[in-house]
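First residue of the sequence shown: 1, per UniProt numbering; consecutive thereafter.
Check each hint, because a few of them may be wrong.
As the list claims (entries may be wrong) - Straight line, CA to CA, 30 Å or less: simulated DSS-like cross-link-like pairs of lysine-lysine:
| no. | residue 1 | residue 2 |
| --- | --- | --- |
| 1 | LYS65 | LYS161 |
| 2 | LYS196 | LYS65 |
| 3 | LYS161 | LYS146 |
Read the hints as simulated data drawn from the structure, not as lab findings.
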Amino acid sequence: MAAEAPMEPRWQYQFRVIMLGDSTVGKSSLLRRYTEGAFLDAVNQTVGVDFYVQFVELEPGLQVKLQFWDTAGQERFRSVTRSYYRNSAGGMLLFDITNRTSFESIRQWHQEVTDTIQPFRMVFLLVGHKSDLAGQRRVGQREAEKLAASLGVQYVETSAKDASNVVQAFQMLTVSIYQALQTGQLVATEAWDGVKSSIPLPVLPKAQAQEKEQKRKRCSC
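All chains should be built: construct the whole structure from the sequences, respecting the hints.
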């Protein structure tokens with residue numbers, strides 16, 4: 001007799017998060033460390049988009065289901081990646097601290113997403129990955145913090161190999177998305193899959209909310 005699939009935890013919010021950054025910066029490794037608690041030295045490059053899920057309790061009784069889109073960093077897959085921008089509430093911008101080029105690409109990734117989802121917003125977190133290779137560092141922490149400040153986002157350094165700051169990074173982004181919902185910086189609508197909720201969400205004045213939803217439908221045509 002086949003074993004029954006485990007029941008999914010009861011959640012109040014569902015957030016979609018997209019992983020962004022050049023190829024080989026460690027997006028898949030970071031996600032696997034967070035969702036599976038595992039690290040593999042050799043990970044196949046992502047082709048197109050992979051999907052991961054994790055549950056987190058932001059506070060007692062507040063369960064969030066996180067859906068992650070792990071995107072390919074190669075240019076030939078960029079058109080596939082772009083199609084996931086609009087339905088994501090959060091974006092994790094990754095660079096490899098030992099790879100200067102990946103750091104210099106961050107502004108381009110941020111701008112591409114921002115332009116694609118206009119007039120709507122995404123909550124970003126800048127992540128300097130592979131902090132276990134500090135001896136090979138090519139990007140200074142202060143320089144990265146300066147970039148984060150110019151983009152209006154938070155910054156954290158992580159390592160999938162030794163698990164340094166992995167949980168903290170995803171917690172930071174999840175909290176930021178939740179706070180953006182509470183303040184109206186992100187507006188959840190039925191037409192948008194970036195945020196789903198099983199409880200009432202903060203509501204903007206009716207006319208403003210309707211206007212935002214109409215704009216979203218026009219932009220997604």
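Against the structure, the hints come out as follows:
1. LYS65 / LYS161: holds, 25 Å
2. LYS196 / LYS65: holds, 9 Å
3. LYS161 / LYS146: Cα-Cα ~26 Å, so holds.
In terms of the numbered hints stated before, the structure departs from none.
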